[in-house]
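S.K.: Put together the whole structure using the sequences plus the hints.
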Amino acid sequence: MLELLHKYAKNITYSQNGEEGILIECLKRMKITASHSVEIGANNGKWCSNTALLIDNGWSCKMVEGDFNLWKECADNWKANEKVSCQCTMVDKYNINAFVNNK
Numbered sequence: 000m001l002e003l004l005h006k007y008a009k010n011i012t013y014s015q016n017g018e019e020g021i022l023i024e025c026l027k028r029m030k031i032t033a034s035h036s037v038e039i040g041a042n043n044g045k046w047c048s049n050t051a052l053l054i055d056n057g058w059s060c061k062m063v064e065g066d067f068n069l070w071k072e073c074a075d076n077w078k079a080n081e082k083v084s085c086q087c088t089m090v091d092k093y094n095i096n097a098f099v100n101n102k
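Letter by letter, the sequence shown follows residues 0 to 102 of numbering that gives the first Met the number 0.
It should be emphasised that the hints constitute simulated quantities derived from the structure, not laboratory data. Note that beta-carbon positions come from the ideal geometry of N, C-alpha and C, so glycine has one too. Be aware that a few hints might be false.
[Unchecked claim] What follows is a set of in silico ranges between Cβ atoms, one per label pair, in the way DEER data are often shown: (1) I23 x F98: 19 to 25 angstroms; (2) I31 x K6: 18 to 24 angstroms; (3) K9 x S84: 25 to 31 angstroms; (4) K30 x A79: 29 to 35 angstroms; (5) I95 x W46: 30 to 36 angstroms; (6) N94 x Q15: 24 to 30 angstroms; (7) N10 x F67: 26 to 32 angstroms; (8) K27 x K82: 32 to 38 angstroms; (9) T12 x Y93: 31 to 37 angstroms; (10) L1 x F67: 36 to 42 angstroms; (11) A8 x E81: 30 to 36 angstroms.
[Said to hold, decoys possible] Below, simulated DSSO-like cross-link-like pairs (lysine-lysine); rule was C-alpha separation at most 30 angstroms, straight line: (12) K71 x K9; (13) K82 x K27; (14) K45 x K6; (15) K78 x K45; (16) K71 x K30; (17) K27 x K78; (18) K82 x K30; (19) K78 x K61; (20) K45 x K92; (21) K27 x K45; (22) K71 x K92; (23) K61 x K82; (24) K92 x K82; (25) K27 x K6; (26) K71 x K45; (27) K61 x K30; (28) K9 x K82; (29) K30 x K45; (30) K92 x K61; (31) K61 x K71; (32) K92 x K78.
M.R.: Here it is in C-alpha cells:
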C-alpha cells in the first residue's frame with residue numbers, strides 16, 4: 000500500500016504532502032471527472048488545499064473554515080469563482096452531515 004502512496008504522491012499546485020497526486024489517481028480509478036467537493040479546514044482556500052486543484056479544473060466546492068480570519072482570506076481568494084462557496088463554522092460529529100450531503 001505504501002508503494003502506491005509513494006508512486007502517486009505529487010504536489011502539483013497547492014498540496015504539501017503529495018495529496019493532489021493521490022487524489023487524482025483515486026478519481027481516475029473511480030472514473031470521476033467533475034463533481035462537487037467539500038474542504039473542511041479550508042485554511043485560506045489555497046495554502047495546503049486538497050481541493051483547490053479540483054476547483055481549478057471546473058469542480059464546485061464548499062470551503063468550510065472555523066477561524067474567522069482564515070475564512071475571510073478564503074472568501075477573498077475565491078470570490079471571483081461562483082462555483083465556490085465559503086462558510087465560517089466549526090465542524091464536528093454533530094453537524095458534519097450538513098456539509099457532506101449538501102452543496
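S.K.: For each hint, tell me whether it holds in the structure or not.
M.R.: Structure-based check of each hint:
Distance hint check: the CB atoms of I23 and F98 are about 23 angstroms apart, consistent with the given range 19 to 25 angstroms. Our hint of 18 to 24 angstroms for I31 and K6 holds, since their Cβ atoms are close to 20 angstroms apart. As the Cβ distance of K9 to S84 is approximately 28 angstroms, the hint placing it in 25 to 31 angstroms holds. Between K30 and A79 the beta carbons are some 30 angstroms apart, a value that agrees with the proposed interval 29 to 35 angstroms.
In this structure the supplied range 30 to 36 angstroms is violated for I95 paired with W46, their Cβ-Cβ distance being about 23 angstroms. Range check, N94 to Q15: about 27 angstroms between beta-carbon atoms, so the 24 to 30 angstroms window is met. Checking the proposed 26 to 32 angstroms range against N10 and F67 shows it holds: the Cβ atoms sit about 28 angstroms from each other. Restraint check, K27 to K82: a C-beta distance of roughly 21 angstroms breaks the suggested window 32 to 38 angstroms.
A hinted range of 31 to 37 angstroms for the beta carbons of T12 and Y93 is consistent with their spacing of about 33 angstroms. Our hint of 36 to 42 angstroms for L1 and F67 holds, since their Cβ atoms are close to 38 angstroms apart. Range check, A8 to E81: about 32 angstroms between beta-carbon atoms, so the 30 to 36 angstroms window is met. Straight-line distance between C-alpha atoms of K71 and K9 comes to about 28 angstroms, which keeps the hinted pair within the 30 angstroms bound.
The suggested pairing of K82 with K27 holds, with an alpha-carbon distance near 22 angstroms, which does not exceed 30 angstroms. Distance check on the hinted pair: K45 and K6 sit about 24 angstroms apart at the alpha-carbon level, within 30 angstroms; holds. Using a Cα cut-off of 30 angstroms, the hinted pair K78 and K45 holds, with the two alpha carbons roughly 13 angstroms apart. About 34 angstroms separates the Cα atoms of K71 and K30, which puts this hinted pair outside 30 angstroms; it is violated.
Restraint check: the Cα-Cα separation between K27 and K78 comes to about 29 angstroms, which is no more than 30 angstroms; the hinted pair holds. A distance of roughly 22 angstroms separates the Cα atoms of K82 and K30; the hinted pair therefore holds under the 30 angstroms criterion. Pair hint K78 plus K61 holds up; C-alpha atoms about 12 angstroms apart against a cutoff of 30 angstroms. For the suggested pair K45 and K92, the alpha carbons sit about 25 angstroms apart, so the restraint of at most 30 angstroms is met.
A C-alpha spacing of about 22 angstroms is found between K27 and K45, which places the hinted pair at or below 30 angstroms, so the restraint holds. With a C-alpha separation of about 24 angstroms, the suggested pairing of K71 with K92 holds against the 30 angstroms cut-off. Simply put, K61 and K82 have alpha-carbon atoms about 9 angstroms apart, close enough for the 30 angstroms limit, and the pair holds. For the hint pairing K92 with K82, the CA-to-CA distance comes to about 26 angstroms; that is within 30 angstroms, so the pair holds.
For the proposed pair K27 and K6, the alpha carbon gap of about 15 angstroms is at most 30 angstroms, so the pair holds. Restraint check for K71 and K45: the C-alpha separation of about 12 angstroms stays at or below 30 angstroms, so the hint holds. The straight-line distance between the Cα atoms of K61 and K30 is roughly 22 angstroms, inside the 30 angstroms bound, and the hint therefore holds. For the hint linking K9 to K82, the alpha-carbon distance of about 25 angstroms falls within 30 angstroms, and the restraint holds.
Between the alpha carbons of K30 and K45 the distance comes to roughly 25 angstroms, so the proposed pair stays at or under 30 angstroms and holds. Distance hint between K92 and K61 is fulfilled; the C-alpha atoms sit about 18 angstroms from each other, no more than 30 angstroms. A threshold of 30 angstroms between alpha carbons decides the hint, and for K61 with K71 the separation of about 14 angstroms falls inside it, so the pair holds. For the hint linking K92 to K78, the alpha-carbon distance of about 29 angstroms falls within 30 angstroms, and the restraint holds.
In the structure shown, a violation is registered for the earlier hints numbered 5, 8, 16, in ascending order.
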